[in-house]
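Enquirer: Below, each chain spelled out in residue letters.
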Amino acid sequence: MSRILIVEDEQDLANLLTYNLSAAGFETETSHSGAAALSRAKAFKPDLVLLDLMLPDLPGSEVLRLIKEDPNLRRTAVVMVTAKGQESDRVQGLEMGADDYVVKPFSVRELALRVKAVLRRMARDSEGTGVLSAGSIKLDPARHEVTVAGTEVALTALEFRLLKTLLERPGRVQTREVLLSDVWGIEAEITTRTVDTHIKRLREKLGAAGDIIETVRGVGYKLASPDKDA
Amino acid sequence: MNETPQLHRILFLLLATLLPGLAASIGAGALTDLSTGLLAGGLAAFVSFIIALASESDAARAVTRTEEVGDARQRAVAEERDGALLEMQTLAAAIEGMDEGMWITDANGVVLRHNEALRTILGTDQELVGQRPLFLVRRTELHDAVLRACREGVPSTVEVSMDAPRSKTLEVHIVPLGASLPGSAAVFRDVTERKRLERVRQDFVANVSHELRTPIAAILGYAETLRSGALSDAKHAPQMVEIIHRQSERLGELVSDLLELSRLDAGERPLSSTRVSLGEVARQASEAMEPSAAGKRLSLQLRIPPDLSARADPKALEQVLLNLLDNAIKYTPEGGTVELFGERVGDRAQLSVKDTGLGIEARHLPRLFERFYRVDRGRSREMGGTGLGLSIVRHLVHGMEGEVRVASQLGVGSTFTVVLPAA
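Residue numbers (the working numbering), protein chains in the order written: chain A, 1 to 230; chain B, 231 to 653.
With the rest of the complex left out, here is chain B:
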């Protein structure tokens, strides 16, 4: 019996299956070559063998040990078998340890074996062995791909969207086990998060494009209108010039905010971590915002314990407070109150900006810190924001190993709280 070299081949084949990149790089010729010489009936028996290996291998080794053979050749065979068993044990552990789900099917596409991760990925407790792909994942493209691998020996990668038990996207790589080894293997990867990030990126690019083009369209349009004769329209010309000025400012702010975000993203703005007196930073920020508060007849109050300090980057923290105060002032109707207060909670120091403004509906709160997320597009445009302020705030606070939270009640007001390590 020449079993060991076959096992090596199967092992290699299986490894290739597990590593889609490697499998892809192996041509059909190589696969055929690999499976040449394999004895018939191999796969099903092999699969049972490999999965049961962890428990059986000790017994197998014991059997090997009891075979007291003086013959050197027999000993070499036994050693080789031992080595193969060890390799397979390692492989079985690797398959079980994978994040990716995996199944092996017979020539008809019926699942013979799978790892535990597959259950998690498919989100099911049901018995998988003995089922057909279509029963487990109700997507014909996957079923077809498995049958293609089994019958025509064609490997493929399919993307499968699942609605239940929760919405996710799987990337499934399916390979035939080989010409003389009937069946297929499939590796399931959950790509939901990757897809989400791709969408976020695309949305961001589309948003940036929209946000930049709108002020440019206004500037260009009004300049063209003035040039084509409106300059002598004494009633409207001054308004047009005013709009051009305002939209240019908006464009400038947008570009600065985008650059700031990109610097923060790229880690090009290293934040220091020094002992900062929160009372001091808060006083500077509120002094800077005093004129705009006074312009709206808002009362700007400061309540920070004199000994309260945190580990932070003073400039970044001031920027955070300016941003939060600016928002609070914008969204609080005339005669209201904006309060900046601090307290120590355990080993954390907190700074809160509380307003008596419009408040934010609960459904918006989870997305409030996203780039260009707008609670009310019309309203934020009136207020002249770039849609990036809170995103920058979150970036800066995270950079200082802190967090930022928001609590709000419609018609009552909002409180933004920055939590930092106390010092």
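So here's chain A without its partners, still in its complex pose:
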């Protein structure tokens, strides 16, 4: 049973989410502030955090950043819940590593479906026939581990999935829209800079080995094909 931490300061909404997610078969806990959420997450070890962006103590975006920077929490999926429907907030959240977002007022049924989809994608990350590799990069889906020349690189769940997707499709150009849909599971209704931001961060984390991810100007990205690489 997947565990979900609900971070929502409105008691009525927190109860609403608890009721529906429990009915959908999830184990839930609730925190009413950002600070409480961070300490609760460490003990509860949720698979997914449902994060309201307007919290009484600190901005939800800050909570998101702290989760993604914490070595023990960074693989936790985060779905943002926001009353600020403005695109800029959503895009900022996605660029910071959120897995999906829901805008208030939301349909509880749709929210449950989104949560399930994110968890399903996460589960798929550890599927695979074996270790994927390109150059000095090795990705082990079962152990959820990425190494460059033998040294482990700490990636968030999204970065891991992005790299895995590219490694699975070497030499083939992946458009931003395809990546958004396959990695994030969202249709390209939002600006595609989210993809660029994550590719940039992924390259930085991979160091020199990251050069294997090539930019195809105006189209998207591709992993340099092995024959070209040789």
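Any given hint could be a false lead.
Not everything, but these chain B residues come out facing chain A in the computed CB check (under 10 Å) [stated by the list, open to error]:
no., residue
1, R396
2, T444
3, A447
4, A448
5, I449
6, G451
7, Y452
8, S458
9, S462
10, H466
11, Q469
12, M470
13, R533
14, P535
15, D606
Partial list, computed: chain A residues near chain B (C-beta under 10 Å) [stated by the list, open to error]:
no., residue
16, D9
17, D12
18, L13
19, L17
20, N20
21, M54
22, K104
23, F106
24, R109
25, L111
26, L113
Not close to chain B: a few residues of chain A, all C-beta gaps over 10 Å, as computed [unchecked claim]:
no., residue
27, E10
28, R40
29, S126
30, A134
31, R193
32, R201
For the record, the hints were derived by calculation from the structure and aren't laboratory data. The model shown is predicted, which means the values in this text are computed figures rather than measured ones. Heads up, the beta-carbon is just placed ideally off N, CA and C, and yes, glycines get one too.
Please arrange chain B on chain A, whose structure you already have, making use of the hints.
Expert: Relative to chain A, chain B alone:
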């Protein structure tokens, strides 16, 4: 020497510099045309000339007068020069009288002259003449813009944030003086307040959106949950219906308060100014609030001198008192006291609502009357407020030419005082 027409051109150019809108509307061609025919070496000399003009012009005129010339042509030249001097004197006074700061630089961007307002805007006592922009305002974008104007003849407007001596935002409009007139002029406008108001407006819109969406999310979510099967959940269904009802009420109150504020803002609710017996209004308000006070076992006390009256709008004043009493009752624990008392102080009549409630930390007091400002979001939500009550109170009291004050001590209680013109 054909000096006067040149001066006219420079004058015009300078005026155009002072008025950014006008300058913007003048194309590069027009500027070039304006400066055509200006003698070399003009600007620096001219600038010294214009700033020193106030003192020199009398002497200049005296010289003009002593030039006893019979020749009509020479007299016409002298008259024209007199006219030009007068215009420039006016201009010098105008530059000094401006709220905006202004400087003129040479071709290398070194400040040649400035007005007094510039010192105030930059918040400095140091010598400005002879300095480069980067030394005076440590922002490369301004420095670059000045050099662009000097070297490439490109006008621009830059926004500069300053941290010291105090945080402010300046909008600086920089124009080249012209192709054959080396140097640039810049006009500095302090836009800190405008920026602050823009932010307040944006925050307000974001807040309204948040405050409206939250109850809607709850209503929608619970209705959907009930429809998808929870209706037959005998344990939870009644609670859900209760929440839908409560959140609908909250939404309704929020919309009424927003409309009220918007009417007050737009001046669509004219307030009368009649002689109002404060004892009478206070009695009505406290009678209306008696049931909620009794519900919390609070003692609601009234102490108003019978002859105390003020110039006010009776309805608005009652609304103010209801609002303050409602807050006092909400934030006072059971068994406490809420007191409504009045007194006359000089030509003012005061009404105070004093409670033995939770009290408010001093740091919150200055912002207490702002829209959606919350001392404790969790607590005010429990109490069911819209976050607009005190803002409406302040609006109404200001509309009656009064003021509202608050004094509070954490754990002891708060006193809100409405001060009105006595009648």
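Enquirer: Failing hints, ascending?
Expert: 1, 9, 13, 14, 26, 27
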